[in-house]
Structure formats: structure tokens, C-alpha cells
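Asker: Listed below, chain by chain, are the residues.
There are 2 protein chains.
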Amino acid sequence: MQLYHTMTATQGIRPTLTPLIQLIKPLGVLDSISSVLSWDEETWMPPSGIHRRAEQSAVLAQMTHERWHSAELRNALAPHIDLTTGVVNPDYTLEESRLVSETYRQWRKKIAIPTAFATRWAALVTEAQHCWQTARDHNDYTQFAPHLDQILVAVREKAQYLGYSQHPYDALLDCFEPGMTTQRLKSVFEPLKHGLRQQLAQCSFREDRPTLPGLFDEDKQWDLGVIILKKMGFDFNRGRQDRSAHPFTTTFGVDDVRITTRFSPTDILEGLSSTIHEGGHALYEQGLKAQWADTPLGTACSLGIHESQSRVWEVVIGRHAAFWEGIHPHVQAAFPENFANIDTKTMYRYVNHVAPGPIRVSADEVSYNMHIMIRFELEQQMLQGSIDAMALRDLWNAQYQQELGVHVRDDRTGILQDVHWSAGLIGYFPTYTLGNLYSVMVFEAAQRAIPNLMDCMANLEFTSFTQWLNETIHCHGQLYDAETLIHRATGERLSATPFLDYLQNKYPITD
Amino acid sequence: MQLYHTMTATQGIRPTLTPLIQLIKPLGVLDSISSVLSWDEETWMPPSGIHRRAEQSAVLAQMTHERWHSAELRNALAPHIDLTTGVVNPDYTLEESRLVSETYRQWRKKIAIPTAFATRWAALVTEAQHCWQTARDHNDYTQFAPHLDQILVAVREKAQYLGYSQHPYDALLDCFEPGMTTQRLKSVFEPLKHGLRQQLAQCSFREDRPTLPGLFDEDKQWDLGVIILKKMGFDFNRGRQDRSAHPFTTTFGVDDVRITTRFSPTDILEGLSSTIHEGGHALYEQGLKAQWADTPLGTACSLGIHESQSRVWEVVIGRHAAFWEGIHPHVQAAFPENFANIDTKTMYRYVNHVAPGPIRVSADEVSYNMHIMIRFELEQQMLQGSIDAMALRDLWNAQYQQELGVHVRDDRTGILQDVHWSAGLIGYFPTYTLGNLYSVMVFEAAQRAIPNLMDCMANLEFTSFTQWLNETIHCHGQLYDAETLIHRATGERLSATPFLDYLQNKYPITD
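Sequence lines, in order, name chains A and B. First residue of the first sequence? That's 31 in the working numbering, and the numbers climb one at a time after it. First residue of the second sequence? That's 31 in the working numbering, and the numbers climb one at a time after it.
Just chain A, same shape as in the assembly (with noise of 0.2 Å):
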């Protein structure tokens, strides 16, 4: 039975290559169905509703996986690369070479991995994140460790299975940011500390925050959100928005791209960064290529590039003086009485106040990436075996003293404050990094090309911007590599240079 007509996403494409379309295409369907049920689980779901949500994301997953480990699916790739060296037949089109190397790419990583392996790997992660989760409640490190040790035990096995060249971790950031390589990210990671170390040691920003007086009602603040996110080009027609406990954006598809957000009612920053942050995922998601949908061709690049567009939005030009000029009648109109004492410049000094603290999510522009370092280096050193989940914590506290001054004072706002790690994801923290230096390069460049670029963000007109944003990066999906997009959108190759100039001119240190 053919229930599912697969499209015409082979125009252009060599007939040849249609059944291997035809079989990843149904894959794509599969995995945002699981989006679905995430996405159900996190806005709408009932509390009881938990095991049985487990139930249809594992039967899901089964799937999934048969299909991946199909005979068939070998099959249609092997006429089009050597499944051995990964070599593409050298007469294809960049098109279908990458359609044909990225599928490869997705599908060596499936069947490199045991299925023993895998069933282990997903009972050890689910039972990881549940004791992560009660050891943060009860803010005791202790408790996480020893499955922390498990899971770095299981990640050094990962990455033997996946396979690598120079560095175990170099498999686990491929996972991520495709073709990325800890050499080479300790070639941009390193002047990048040093960078922000000298930023840190003196910034001239270091004075009081301002305080904002009173608190936000969160329909106000919902409505101010939904604003932005329509002046950002965000297409509700094509999406939706919804309250969770984490903000996240998850794509059912280019026309179903939906966001999450939250609000405190007594910092206004919150919700607006959040939502502006998923609105630029968001962007991105309904800006691939329909006719690609469910092919690598109309999939995003790299988690580094995903979070370059929600960087732009949320810190580039979310705290940027021409933004504020614009949005503040907004914010003064939605809390008159809040705001009746603060002016534009007041607000431009509260979203950018810089000041270190022990939490990642809530950092400052300056700080934010010397969380990543920390992180980055502690990752190779676990993944390397030279220190245990136990040692860890005095570690992370040292790192937090000696690079940001800050002294961390319970484990809940430490070592346990991220989730990635008990759900396995060693080797992710730096795409945040790359997402932020790719950011002001993004930014800089469209800079270049639309120079009233400045009063369209006072006057909150990005139809320009986000046009930009769409030809340069979002309308590529996997089409070039992530560093090879950068170059061809910004002109520049990846390097810590304009980020540190961006900060540089923005907080300009002083003696």
C-alpha cells in the first residue's frame, strides 16, 4: 500500500537517485512524528501521560531504527558512494552529491553503532536524566556521579564505534557540527580565551545593574513577545507559540515550525530573550526548502549554525541600542507603569549589564563563551578517562573561580545546572560557541549588504534582515558545510576575531 506518496523533491535530481529519495524521505516523516509527541510532552500533556508517551517514542524509535538498518536502504545508497570510503560518484552535481555524502554520513553513524549497544545506551541516558533530575532537586552532586562515570564509560565506547581519525571527541562533535574537529576548534577556541579573559579582567560595564520596579503580567509580556515575533517575519500561519518549562523550537515540518517560551514576572528580559531566541530558530526552520523537506538539502547545516540564527536575533540584535530605541515605546506602551521611570539608555544597560555568575543560560555576551571553554576542556579530559564523574565537581568549581571570578555555591547552580551531559551529549556545549561567533559574522556581513541596516532595527523592520538571512544561510539546509556557508554568506572564514571586536567595541575596556 503507497499511504504515503513521496513528492516531487527530485526535480533537478538524477532519476537514478529517486529510490534512495523515496526511502529517506518516510525516515523525515518518522523522526517529527517523535517531534510531535516531544513537543506534546513538554506544552500540553497530562501528568500520567509520561509512560505511555515513553511507550510511543520507543515503538517509534524501533522503527525508525529497522528502516535505517534496512537492507534496502544500503542498497539504494550503494550505487551512489563507495560505502567504504565514503566516496560520492565524482559526475554528480553538488546537489546530489551532498544529498547522496550527508545521507551516507546519518546512515554510517546508525549501523556503526551495535544494536546491544543502542538498547543500552537508551536505558542508560533515561535513567541518567531522571537522576540528574533528583540530585538537583536534592542539590547533591554525589548522587548524579556514578552515572555520569557510566555514561562517560559508554561515550568512550560510542565514539570507538563511530570512529574518528585524531581525537575520540572529534566522533562525538561530528554528531553535532558535522565536519567539525577538536583541533580545529582548539584553533579558535584558544584565542577566543584569551580574548575574553583579558574582556573579563576589565570591562568597563561593570557597574550596578539597573533595577526595573514592579512586576510583568505575563499576557502583556506574551503579547509584547508575539509582536516581535511577527515583525521578525516568525509565520503563524506556519507555526505556533506555547508555554514550557525549558523554551525550546521543534520542527513537524517547514509549514508546522513551533517555539516555546517563559516568562518571570519580575525580570521582563526573560521571556523576550527567550522568546526572540526561538523565534530565530524558528526562522530558520520555516526558511528550508519545502521541496526538500526530510532530504539533508532542506534539513539545517549544524547545530553551531542553528544557533548563529538564534543568536543574531536574541543577543546581537536583541541588546543592540538601535533594537531598543525601537522596541522601548513597545515595552513603555505594554507597562506604562513600570517603565514610567526608565528611559531607553537605562534599558539598553539592564539587557546589557555584564556581570559573571555560576548559571550558563542567564550569562552576559561576555561571559557566556568562557562557560563553553570551561566545559569544552573538561568534556576532552573526561572523554580522554584522565578524570572521574567524583573529581569533577572540585574541577568545575576551580574553573568557575579562576576564569570568572565566580565562586560556585551548591551544585544545583554548578556542576548540575545543565542537562546535557546525563542525557549523553558530550561533545554539544561547543556548538553554542560556534553558534555566537557565527552570529556577529552573520550579523556583520548583512551589515555589509543592507546598509540601513541600523534604522530598519529602530524602526523594527527586518524584512530586509530576515530576506537576508533566508538566500545567505536559511534556504541551503546541508548544502555546504557549515564553515564552507559561513565563508559564502560572510565572505570570512570561522575565526574568534570579529567576536571578540564585536565585544571589544561594545564594552570597550577601559584602564
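To be clear, the hints were calculated from the coordinates, so they are not data collected in a lab. Bear in mind that the values here come from a model prediction, so they are computed numbers and not experimental data. Watch out, some of these pointers could steer you wrong.
For identical chains, the list gives no copy identity; a pair is met inside one copy or between any two copies.
As the list claims (entries may be wrong) - Using 25 Å as the maximum straight-line C-alpha spacing, the simulated SDA-like pairs for lysine to any residue come out as follows:
| # | residue 1 | residue 2 |
| --- | --- | --- |
| 1 | LYS536 | PRO481 |
| 2 | LYS216 | ARG135 |
| 3 | LYS140 | GLU96 |
| 4 | LYS140 | LEU60 |
Dock chain B against chain A, hints included.
Answerer: Chain B in isolation, oriented as in the chain A frame:
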């Protein structure tokens, strides 16, 4: 990879049935995932998400189809039942026997339909539903009639595939009301129709309907509905309520049952009725046995039984004088201005006003089943091929005039009012009337079992009633067929008499 672990559902069941159970449980999980997709489509999905949703549903349907048609499933059934005659191994317990026979019944239907026909059918009903929607919007049946003719041809073919011993209509009925036959239905419906005619001819309640002044705030209607749902025993930890254009109940699992409702700003009864109706369906689903989830023993018995659970709450209780004694103070408290001059007796007259009209879903309980009688007889003729679709409208309108004294003014409120035929659901309507007949039988049995039921109703204290429903109906799943279940629950055999006596008692005929 065994990501999905089938649980301990085999307790008390011979181990040789385990392979069968392990094959059918993921099929139930897949169905429940489809339910998540449908629920989201009707509640939160953004407008442009519809095409993607169709793709997702089609991929799931295809996977379900493949599994039902697999040799594995056939081989797992074969040791337990004669695949030709449907005779189960004689030494099996009732649980074992029903587990096998009801799985077999479902499997037979799936494999009886040729794949090519299933594909054609899916396309046909998708197209027909779309055209029905358009035709209804245009109030023009002639646009839909050609599609209905195609559906009738296809449904006759389907009946042949499914097989029957006496009447092709039996094959269709069995899809919704397992074991029910045309002959058996006629033996119940003919006396019913006769009795309804008498009731409708001379109904003492034919006075003017009281009017409710003012508008009813939707949030307050919502809150009132939640109060009632909680009193009914609906567990909000294991379910939730949302809004949708057409109210429905859907089950993701016994611990995640969702209902929807809708409100009218002028008629408080619309929201109340729909909330209570769906609440009744939901109690059934929340009351199934978790250990039998995804097997026939953990699945509702029939559509007729399901409808009895919604109608006993919505109509028998929800329009009962004792219930209105209990609920009226809540209604008054929620809408003090609207109900300043409306006493309980007036409200009772309002909710029980009898006035035959063209629309089935808003019919009073005296005329409701006549709408079904008309459809039941037309459907049999349609299936025999003795009328074509273009002639149907005249017959419809004539029947409404003759049986209900209703002049059908247009197609929208006439033959185009229901979606069922456009979805290929021929043989479905009779289950509504079975539900009504059963609902009275069930309520009267509960009255015998719970001597103070009237007091309970007047105090909105439903614990013992809901528990009684759970023990006599809900928890049994498909352990018995519908008529056996009702006989066990009530001590009586299905007939029109209890329902007609109930009407006679509630709406006495005066001369």
C-alpha cells in the same frame, strides 16, 4: 533493537500467547500515535500544517498496514485459532479466547481488503470529505452527489471483501458494532420507530421553550464544565480538555485521555452537553484495564456501548430533574445575572424542550432516534443500489417531512449535515441509537444497584455511579460482546422497550 518492551500483559494468560501479544501491542501504540496527530490537528495545529499532518498520518498508516499484513502476525495467530473458520482452541479461558478471536476479527478485516482497494479507498474518502465540506459551504448537494455515488460503489465492493452471511450491510455494521446484524437491528428498531411515532405525534411537552437572557462568558462556562467533569470522576492527571470545532474524545492510553468541547455564547446547554457527553466517553477510556492496553481486552467493546456511556451522562443524567437540582446553584453562581429569574423548574423545561428540527446533533431525546431511523433505512437502500445519490435528497427531505414533520429548507441543514457518508462511514449511524437504548438500560440497572442514586445526583455525588459503570462496563473491554455485556450489567436483553418506557414516563402523552 528492543527499544519498546511489551509489559506484563500476559499475567494469567498462557505463555504460548506471548508472541501474539508482543506483535499486537505495538500496533495499538501506533494507533495511539495517530490519535496524537489527529488531536493536535483539531486543537492546536497552525492552518498551514495540514499537508504535513496528512503525510505523517499516511506514513503511520502504511507502517500499521505492513504489520497487519505480515507473515509474522499470521503465524502468531495460527496456533490459536482456525484461520478459515475462526474457531478458537477449545480449552482456552474466556480471556484467552476473546483475546484471540477479537484480534482475529480485526486481522480478518485488514487482510480481506486488497491493497489496491485500500489505496483507492483512502484517496476516495479524502477527496469526498473535502468535496462534502465545499458542498456544505456552498449549500449545494449536487456538488457532493457524484462523490457519494463513488463511495457507494466502493462501499459495496468493501462489503464483498469483508464478507457477510445475510445482508451486505452486516459487513459494515460489524466494523462498528461487532456481531450486530441488520436483522437483529430491525427487530429492535421497528418497535422503536413505531413507539417514537406515537411519542412525536402527541408530546405533552410541545410548549414554548423558555429563553435564557444574556450572553454566557466562555471562561465561566469552561470552569463550570471542569467542576462537573471532576464530579463525574474524570481524572485530570490522566487526561485533559481542550477546545475544538467539533467536540470529540481521543485516547493516547489509559493514562492520557483527552476530550474537547465547544461553547455557544447564547446557549449554555451546548457547552454543558458537549462537556458531559465527552466526559462520559472519557470515563470509559480511563476505566479500561491498563494491563490489557493495546489488546482487545483493554479496548472499548463497541461504538454502541461507547455511546451509551456518553449519553447516559449527557442525556439521562444531564437532563434529569435531580441533576438539575444539584447543578442549578452552580449555574446560578457562575452566571448570577443571567439566572436571576430562572428557577430550576424553568431550566429543566429549557433543557428538556421537545421540538423536532432538521439537525440530528441538536435534537431532543424524543426525536433524536428518528433521525437515525431515517438514515438507517436510507443506508440499506443505498447499499442495495436501489437508489442513487442524486435521488437521495428527495427521499431524505420526504422522510423528514413524514416522520418528524420537519420541512428541510436547504442542503446544509439537510442531507449535508453529517460528515459520515463522505468519510465512507456507512453502517455507523445505528450505533448512536444503540447507545441511547443501552444508556437507559444501564441507568435503570444502576438505579436498582444504587438505591440512593437520586439523592446522589441531586448532590452531584457520582462516586458510586461512576464506580458501578466502571465495574459493570468499563473494565471489561472486549471480554464480552456488546449484547452480552449489557445483559450481564443490566439483567436484560437489548430491546426498545426500556427506552420507550423511559420516554413515556418522562414525556407522558396527553390527549
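Asker: Hints broken by the structure, by number, lowest first?
Answerer: Violated hints: none; all satisfied.
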